[in-house]
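Protein chains in written order, with the numbering used here: chain L, 2 to 355; chain E, -8 to 521.
Careful, some of the hints might be misleading.
One-sided excerpt, in silico: chain E residues whose CB lies under 7 Å from chain L [to be verified]:
1) 35
2) 498
3) 503
Bear in mind the hints are in silico, worked out from the structure with no lab data behind them.
Note that the structure is predicted; figures quoted are calculated from it, not measured.
Positions of the beta carbon are idealized from the N, C-alpha and C atoms, including for glycine.
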Amino acid sequence: MGKKKRIFAGLATVTSAVVLLAAVQRLLQPKYMSDVVEGNLIASYYDTGKDHDVLFIGDCECYENFSPVEMWRDYGISSTIRGSAQQLIWQSYYLLEDTLRYEKPDVVVFNVLSMKYGEPQSEAYNRMSIEGMRWSKSKVNCIKASMTEEESFLSYVFPILRYHSRWSELTADDFKYYFGAEPNFFSGYYLRADAKPAENVPKGTPLIDYSFSENCWNYLDKMMSLCAENNIQLVLIKAPSLYPYWYEEWDEQITEYAEKYHLPYINFLDPSIQEQTGIDYAADTYDGGLHLNVYGAEKLSRWFGAYLAERYDLRDRSGESKLAAEWDEICARYDAEIARQLKNLEQYGNVKGE
Amino acid sequence: MLFTDSIFVIGLILLCIIYFLVPKRFRWMLLLAGSIGFYAYSGPLNLIYMAVTALSTYLITLRMEKMAAAAKETVAAHKSEWSRDEKKAFKEKAKSKRFRWLVLCLVLNFGMLAVVKYGAFTLRNINTVIGWFGGSKRLPVKHFLLPMGMSFYLFQTMGYAIDVYREKYPAEKNFARLGLFVSFFPQLIQGPISRYDDLAKGLYAGNGYDPKRVTLGVQRILWGYFKKVCLADRVMPAVTALISNTDQHQGMYVLMGILYYTLRIYADFTGGIDITIGIGQVLGIPITENFNRPFFSKNITEYWRRWHITLGTWFKDYLFYPISVCQPMLKLSKWSREKLGKNVGKYLPVYVSTIAVWFVTGLWHGAAWNFIVWGLMNAVVILISERLTPLYNKFHKKYAWSNTRAYDGFMALRTTFLMGLLRMFDCYLDVPLTFKMFGTMFYKWNPQILWDGSLMKLGLSKPDYLVLGVGIVLLFTASMLGRRGSVRERLYDKSKLLSCCMTVALLLIVVVFGAYGIGYDSSQFIYNQF
């Protein structure tokens, strides 16, 4: 065999191995279409427009409590949520960095619940927060900051090393959505149209130490600096979820920080604000007070949209044809999803229609 | 560091690429640097032990060589003056002086091993004996962390020192080159225990890139990983469950444990050796085979000629023969012939040597009575088997059916099962528990566990059993095909395309069906604890 032929044969073998591995890897990666749909939230951002006035970052208290569609319809505010389940503060920071590669919103809204986690928590949630990110320095740093002891960086680069054992759990979804997931979010919002009243919400048990970790404060500082460098207004919020319990002592620390750096901080659990938003925990939550349903999210977004528009001079952009066309599509899907879920509720007693 | 650590795999790929890019004369230096880096990663302090071994062996072997040369010169100078007896006496004296240096080398190095590996075990036993005699004082027991692969590199290096003493080959003059022989990284995890004259040539040659050799080497590595991560690591949860919960897992469970553990240790150890030999093949360094289809052995003696071959030959060459012909043994032989009869006198030295070797073999495997009893049991079975050889021969002569392939298969299964039984000492916590669990196979009658779903509660699911089943069939098929020579080589010669497809398929199988990552407890190679 000649030298050229040998090199060609070697390259062909390596290439075919890489292509095959990539193909198998795609098959084995979770598609997040039927179960744990939240796994697609982070990646779904890249498939939408990149012209947003407001960016929400944070955990499920963001992506289940605020409806960007409602803010668009009521105030012409284009917003998006880069939320993921149990999103840790450093993940929020790196997602902010990542988003700034594509666009520069006027306002960044950060839900402060994640201040309670000073260390990496769960591999499964890490995966859902990180894997959907496109490769960048931010993603690399996010992985490094988030990994639990049992995780390896390599398994983020080659997810097949993590998901290889799914070969025995493959479902029809893995083949159906092999080439990509169908959009099932509404500018980062996870919609639920069912209701489960908040009853007997447990109170928080006393903690030994209420102080947030140094690590969290550092990332909050970094987030603030990054926003300042980009001339973005950072708004701190505590979403109106009744559980996990938000301690008075935690609230005081955030209030003190916000005052120190002249940042707005809204605690939606505050009774006076609750009165203004009009959230009814008997009807506006779908899981007993942990997250709002679409009706609660719409109420909250109406109030918050007005707040943002008024304070940060966010103009009504509904007249911009290109942007309006994008939102029309999202709104149409949003309405169709509500209708679908209501129909399922009527027929099957649950939104999934099972 | 383990073969399955991602850092090892990445490091290996990089090292292989750089190896073929640097000029030939620097390649062995690259291997030395890689080996030192590899060993330092397992614990920087471990390097000290290795450095002591390399340095002491280097200095002492050079000294012995110098003494041998000087003795030869002296004899040559007095060739005409000295009588034959005088020459002989001088040579004996010179040899005796060299022997003292060899003993120093052995005592120093095996002394390190004794302290690190057997120190705590010895002190615990001394304390037990003190207790028997009513003593209240106890010696403080200090535990040392055994450096990775110490038993392997020490035995390999001491074999080299003994060979130099025996003037089998000259001592290595370059300390760095000897350092590479001592520290060659693929061998540090599970062996084999190579001989200097087999390994050195390939180590220092700096062989060029040969597509066939590299392809076959990569395939051997992948085959090793297949055994290790698809089979050995997959069956490990069941082995752990069976040996850790002995109150519940008795009777038929013990039998299943023997089978699971047999698969585990075979796939783990041969897989590790395949990876080692495969790495050598990629780099153009021939490494001695350590297995030769051991489960095809018809008896235990044959089994030990096919299993961990390099350890067996090491003990044979450096322990069994020297013990058999040493002065005390010759005296014992003479005494027993005179006092106990010709027959006993003939066998006694062999028996004593065999038992001594198996005692040490057991001890080599671990600092615990389990291993010592395991070694002695092997010796007993081997000696009984040898004593009964005439009877077997008569049996085979009388019954033609005992010379058929089917009967060969039965004998192979019998040997495999017998070895599995002996390996119980390796599994259970201590010797009494091992005997107890062995006993439950006879009085605890619970065959229903084979079909009532109990085996699914051992940490193995249906997909796990599927992978194990297919894997065992593949192992068996490969072993059968391998009897006519290397399957990989034949395939490569027949069709390079098919060979490449096999490489890619193996890679996919390992990556997809391997039991690694989150959800699996990455278990250490069993043999790297020695």
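Hints the structure fails to honour: 1
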